[in-house]
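So you can see what is in the structure, the chains are spelled out below.
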Amino acid sequence: MSDHAAAHEAPTSTGIDHKKLIMWLFLASDCMFFGTLISTHLLYRKLFPAGFTDAEGHQRFIQELFSIELTSFSTFILLMSSFLMALAVSAMHKGQLKSFRRNVLGVILFGLIFLGCQVFEFTHFYHKGLTIQNSVLGSTFYVLTGTHGTHVAIGVLWLILLYFYSFTGKLGGHMGALDVEVAGLYWHFVDIVWIIIFTAVYLVEYLGPYGIWGSGLPAAVK
Amino acid sequence: MSHDTHHAPVACKTELAPERSDLGLHRPDRSTGWTDWLTTVDHKKIGILYGAFAMLYFLIGGVEALAIRTQLARPDNDFITARMYNQLFTMHGTTMIFLGVMPLSAAFFNFLVPLQIGARDVAFPRLNAFSLWTFVFGAFVLNASWLFEFAHLAGWLDSFAWHKALVYTDFAPANGWFSYAPLSGTFGANGQAQRFTGVGTDFWIIGIQILGIASLAASFNFICTIINMRAKGMTMMRLPVFTWMTLVTAVLIILAFPAITVALIELMFDRSFGANFFNPSAGGQPVLWQHLFWIFGHPEVYILVLPAMGIISEVLPTFTGKSLFGYPIIVFSGAVIGFLGFAVWSHHMFTTGLGPVPTAAFSLLTMAIAVPTGVKIFNWLGTIWGGRIRFTPPMVLALGFIWMFMCGGFSGVMHSSAPADSQQQDSYFVIAHFHYVLVGGVLLGLLSGLYFWFPKIFGRMPNAPLGYLGSALVILGFNLAFGPMHYLGLAGQPRRTHTYHAGNGWETWNMVSTYGAYMLGIGVVIIFGNLAWTAFRGKKCGNDPWDGRTLEWSLPSPVPEYNFAQAPVIATRDAFFEHKHGAKKIGAENDGGEAGVHMPSQSWMPLLASAGFLFAGFGMPMMAMGVPHAGWVVIAGLGVLFIGIWLWALEGPGGYMLKTPAPSGAPAPAETVAH
Chain C
1 MSDHAAAHEA PTSTGIDHKK LIMWLFLASD CMFFGTLIST HLLYRKLFPA
51 GFTDAEGHQR FIQELFSIEL TSFSTFILLM SSFLMALAVS AMHKGQLKSF
101 RRNVLGVILF GLIFLGCQVF EFTHFYHKGL TIQNSVLGST FYVLTGTHGT
151 HVAIGVLWLI LLYFYSFTGK LGGHMGALDV EVAGLYWHFV DIVWIIIFTA
201 VYLVEYLGPY GIWGSGLPAA VK
Chain A
1001 MSHDTHHAPV ACKTELAPER SDLGLHRPDR STGWTDWLTT VDHKKIGILY
1051 GAFAMLYFLI GGVEALAIRT QLARPDNDFI TARMYNQLFT MHGTTMIFLG
1101 VMPLSAAFFN FLVPLQIGAR DVAFPRLNAF SLWTFVFGAF VLNASWLFEF
1151 AHLAGWLDSF AWHKALVYTD FAPANGWFSY APLSGTFGAN GQAQRFTGVG
1201 TDFWIIGIQI LGIASLAASF NFICTIINMR AKGMTMMRLP VFTWMTLVTA
1251 VLIILAFPAI TVALIELMFD RSFGANFFNP SAGGQPVLWQ HLFWIFGHPE
1301 VYILVLPAMG IISEVLPTFT GKSLFGYPII VFSGAVIGFL GFAVWSHHMF
1351 TTGLGPVPTA AFSLLTMAIA VPTGVKIFNW LGTIWGGRIR FTPPMVLALG
1401 FIWMFMCGGF SGVMHSSAPA DSQQQDSYFV IAHFHYVLVG GVLLGLLSGL
1451 YFWFPKIFGR MPNAPLGYLG SALVILGFNL AFGPMHYLGL AGQPRRTHTY
1501 HAGNGWETWN MVSTYGAYML GIGVVIIFGN LAWTAFRGKK CGNDPWDGRT
1551 LEWSLPSPVP EYNFAQAPVI ATRDAFFEHK HGAKKIGAEN DGGEAGVHMP
1601 SQSWMPLLAS AGFLFAGFGM PMMAMGVPHA GWVVIAGLGV LFIGIWLWAL
1651 EGPGGYMLKT PAPSGAPAPA ETVAH
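Residue numbers (this note's numbering), protein chains in the order written: chain C, 1 to 222; chain A, 1001 to 1675.
Calculated from the structure, these hints are not laboratory results. A few of these clues could be false.
What the hints assert, rightly or not - Straight-line distance between alpha carbons at most 30 Å, and here's what the computed DSSO-like set of lysine-lysine pairs gives:
hint	chain 1	residue 1	chain 2	residue 2
1	A	K1232	C	K19
2	A	K1585	A	K1322
3	A	K1322	A	K1539
4	A	K1539	A	K1232
5	C	K20	A	K1539
6	C	K20	A	K1232
7	A	K1540	A	K1585
8	C	K19	A	K1322
9	A	K1659	C	K170
10	A	K1045	A	K1580
11	A	K1045	C	K19
Isolated chain A, as found in the complex (with noise of 0.2 Å):
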């Protein structure tokens, strides 16, 4: 490329000439606006608007907690329901988990990974958008039961037939988050089934089976962009930390998520057409229910907990000046904790009587699952160890991070051992330490990968000092609501009650952490509002404001769509730190060549493929409550997916040609990129 290109003006999408389908429809790659974001198959907008949606969702998750700990404040208090109070606890775990935690992971790895590996999208950029709005319809189905419930209590379906006819009326889920047959299920024998529940576990059944169809097509998409869309001399132990425990997560819910989706089936065969699966009163064995849950379940832990270690194996060595402390030894730990996570679900269920051998096996195993851990802890001190230590936002999370997923583990490993777990089993000790891992560990995680890469995703810094407000008020909150239940678990509070009597012993501590959730609430919506006054109207900051290892610190901020105006040519790890700092430079791959780089086309046929799941997922649970006709909205539902799927077939993969301003040679360091 010669040296009067070296300024080209990026050409603007709008100019270009549409492309047209096979159907003559033409692709929406000159929209803006509204059009362009649903239709849009960027993996960084599709990357920010996961991350839109999973901080909704944790405030919805997060109001669900607080009107549990409100409840809980005082002895013998009546501020919610019994009713309620079980389908607040179902939702809030379900929503933390399926609609919280995994999407705001989801949003790294969209938004980091393919400019880590420095690609320009992701191997399927259309799959990408409809695995985004297959979970956004997910959510959508999981959380249309609660307006059902509000219909219901404000009376408003009392007119109806179909209402008047039902047995149970609770409209949100309320079995918690492990629908444990046979209470999601069926009882009686033979064609006469009755379901001990209102149709909030269809709602739940179908919310779930959709949510794990979107994280099974994410996951195929980053598996195959990480092994086959790597960067020139991007080898795989060259590969940033984070996108290696993106990888590991990927494959850990492709090989658990099936479990799920079959006990889902069953269940549903159970509650929907009288099948015997789990009905005890016909020989199906509701424990069966148990083991295909936390197959799935256990490794669920680990597709929480990896993506956030990964972010802190990013976070602490740019703050420390210092490159990871045995890289090899961290990913190989992050692999093992993946195999080994599917070699532990019994843990889970001790106290149900698997048999001396069993019980001694996984007790064993889930031991041995603490190893990886720890050495992955040892290797972020060492990390730490005599580095220059600079104190921000996310790096006080990270810190956190480490402290308290360690106390997380500890409590964890007490579990291990059966004796001592068959006296924790359903007690608050058991909501201490997944707390303690899951909020302490995961939210910590991402919430310092959110203040760490803010300003990539925005070109604006969010304001330090309410980071630090928020991040101060989120650890001490989180220790006051969580670090009481150690022991009011151990004093014998048993979970998923909705009050408790006075005289227990437990009032104070109660009091404490009802305190401690406020003031982790507090914390948590002040780190999200500042995010949020960050990304419209924050400070603007340069393209490398951390001094960044990794090659999206290489980038421009916010990053241009076509990411790489050239293919970087990588020769070593950390190399954008390396080319900084040290000898070896990135290089340069000239790929696009006079015709500019190739994008992918924009398409509707995501959103429309998607948007059928959304009909068959509230078909499904109508037809459950016995609403006339919900039948034909299921099959109407399946009808958009497929036609979905056959015009996304049919339009091809398309794409049109961006000129980059490419620089001749090597590319220069980021702050002279023109922009």
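For reference, chain C alone in the conformation it holds in the complex (with noise of 0.2 Å):
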């Protein structure tokens, strides 16, 4: 940001900085964003328990889809990038660029390793039978999950500027830092609501002896 405006910042009537208040109301937003999506999910598993049916007209249940341990380490992934946000913002309001580079470098790998992971799913659950068009479940279980995954894309790319941008000389002081501390905003949101979709899609689903919905497979067979 230009020192001429960083010499202008004109104090606000709450103390907060407008890019930071902007960035709570949108984050607010995007709370009802996700949870009209994760709604739709739950309401049509509660509809349709029994899963999917796929190509070949064969009945299959949920947990024959999910890979519980590859959606846990990648979920572990993305709570580790949070962890390595968290240090970036903390170097940048302590003005130590360099430890901001090397660790927002790590969220950006973190999240591309998490993004990595959600294309490989993808992939596999396509050629296991469920697709966007052959089940309710297909539809609503791609179009959060992917909605979710292109956040963590924009967030990837926005990590991904602000690094090059480091290198220009003008990423510093309270501006910079607030900078920073906005996408790290983001970021955390974007994590935390990882964390509920991967218990609201994926470990209720094994809770029980059938999953939570009460026709998943029986857990003596897995």
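Combine the two chains into a complex, taking the hints into account.
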């Protein structure tokens, strides 16, 4: 940000920077956005607890599809990326540009690993017979997790641009730290949303002997 | 600041050295004319542009309404086809709500909020420009469907291969403004899903999506502005009521629009990629669309009406010479209306069979929402009571608002009773109800606001006799047009039906209703014509022609681009009225110093980023039409959007210093400020 603007950064009525406040407002709105998507998925899971029918006409259970180990791994990776993001923000507040770059590069890498896992998962599910067209489950699952993936991709793109911007020498001071912190707020939010999706879409399918919806694959068979 | 700067000339921005962005591009700060308007970040100019576009679309929506009424004037009429009728009522509703009322409210938000809170601009001036142009392009996309429709009717599209392959050829949206699934969606199982309607629905989906982005961006900006940019001493409970209602409206928008955004995404996936969200033959639940739509749709009603209520709360005190009766209660009621507005959506769906418990709960909550609304009405009456009423065009329209809105409210309470509602559902009674709320309420409120603030916006006074004539025609014509619909509805005339047979006893009142609609149309044209004439040629007036109460009236008319030469310091509610007639004066804070005040730089980037939506918005329906290579247009549009935002970030906030005619000490009353 130019020094010119930084010099005239007017104090706000609440003491909260405009950029931080508007990001919180955006996140409030995004809560409703993901809330609607997650509700759609859960409503349809309750209505059609049995899973889906694949191209050969076989009834398939959702537990046959999920690889809970892989998704747990990518969830862990995303959680750790949030930790690195916190370090990057902290480094920026202290003016340690090199530390910021190192950490933000880690966030980008972890974000890309998460996206890679999702691409793998989507391909894998597709080959196992779940498509966006052949069932309501396919529609809600791919659109919900795909929308989250798009959020992660936008975050990665944003952080890559911030990373390169830091080499121009213009990312610094209070405004620079604020820019990174706002990106951090977004990243943490996307992470938290994934924790909710991981719980509501993946984990609950393994509760009880037949999954939380009562018509899943019997636990004994797994 | 020394006394010799008291009448220092305002520095002209065209004399400033241009600022270069990181890429070496000039910010268009020094431009005039077209470039100035296309790149402006000034909230007042953005407000004027919002208002101009909104009035244009009001006229387009009005022509659509008159075509509908002409068709219904006589039984078994064939003025327009049933197909065209469906497109007309759909686009009439969509245009009036998303392209008429919401942008006109946004015009007031833009022009007034920074002035009323004592700020020099909104928190994010370029984001504000982005909201404006995104709205403009979204409106283009939505209305471009008419161009395709007319080209289709004229036979110009017949020679294209993709046109021959189309099953349904309604090019303008034809599902109603709520686009209920499954009509708007698909049917048929597993990859062979067919659509029920033509590409008009795709135009509608992408158009509303783009307009939603514009509304969301504007709302983030305005909440931030109101919470964070208040002048010293402007506590929340000293905010003018219009600003308060803007805040509540913006909160409603950011919480309600995501629901429709997701619903539109799901519908788009159904139509374009064969998903099954609302496809009944694959297990999709069309009623889910209704829920998602009305979770947005009911707060939307309050998004439309709360700004008008805010305007009325400014106009009534001014022309009665009294402060608003029960200010905290009015503010609290507005917030309660906003809160309850999220808990009543299913009253639009009583006839879908929700079961007794939800029906009773939504019925009860709907009745409850009448309480804060009634409280507001009584507060307005309390404001008028015992006041020295001055009849002016804005006051006449404001009084009309109270009366007509109350009628709409009464029929609304009738709908809240589920057994009564199931009789009235889909009949003209419903049409009568919501037009009393949206025309008798919202439109009268907005017209009142236009007459009230026009002298501030342009420094010119609209012609009063023409104003009275227009107001009288609007109020009379409106009652003639929509009053009989109560009767017609209860007598059984259904909504969304292009004609009716003679002998049902509906002939007389339909004819009366059509006469009323034309009278209303003539009234609106007179008012808009009067205002347009005023903007360019009207009689000049002083800075405070109405003896105004809030901060904007303390400024010169038209308002200079820096708004306040010195930041005001507020000691009371109705600050300017107290300043003129009471003991508590408006203070001043010399925040600019010798350098002057900091102004944001203009930019091309918001326009560029928004133009991305234009390409993507045209590309999506063309893809659905099967036009070859249309997918690339979508990708190009998203690319333009990205480049626009990226360059926007690189150019930084920017800004330049402007010397203002700063008077020493407290700001002089507006009449003596050098201008």
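Okay, the hints, checked on the actual structure:
no.: 1; hint: A:K1232 <-> C:K19; result: 21 Å, holds
no.: 2; hint: A:K1585 <-> A:K1322; result: 18 Å, holds
no.: 3; hint: A:K1322 <-> A:K1539; result: 28 Å, holds
no.: 4; hint: A:K1539 <-> A:K1232; result: 35 Å, violated
no.: 5; hint: C:K20 <-> A:K1539; result: 45 Å, violated
no.: 6; hint: C:K20 <-> A:K1232; result: 21 Å, holds
no.: 7; hint: A:K1540 <-> A:K1585; result: 28 Å, holds
no.: 8; hint: C:K19 <-> A:K1322; result: 39 Å, violated
no.: 9; hint: A:K1659 <-> C:K170; result: 28 Å, holds
no.: 10; hint: A:K1045 <-> A:K1580; result: 28 Å, holds
no.: 11; hint: A:K1045 <-> C:K19; result: 23 Å, holds
Of the hints listed earlier, those the structure fails to meet are numbers 4, 5, 8, in rising order.
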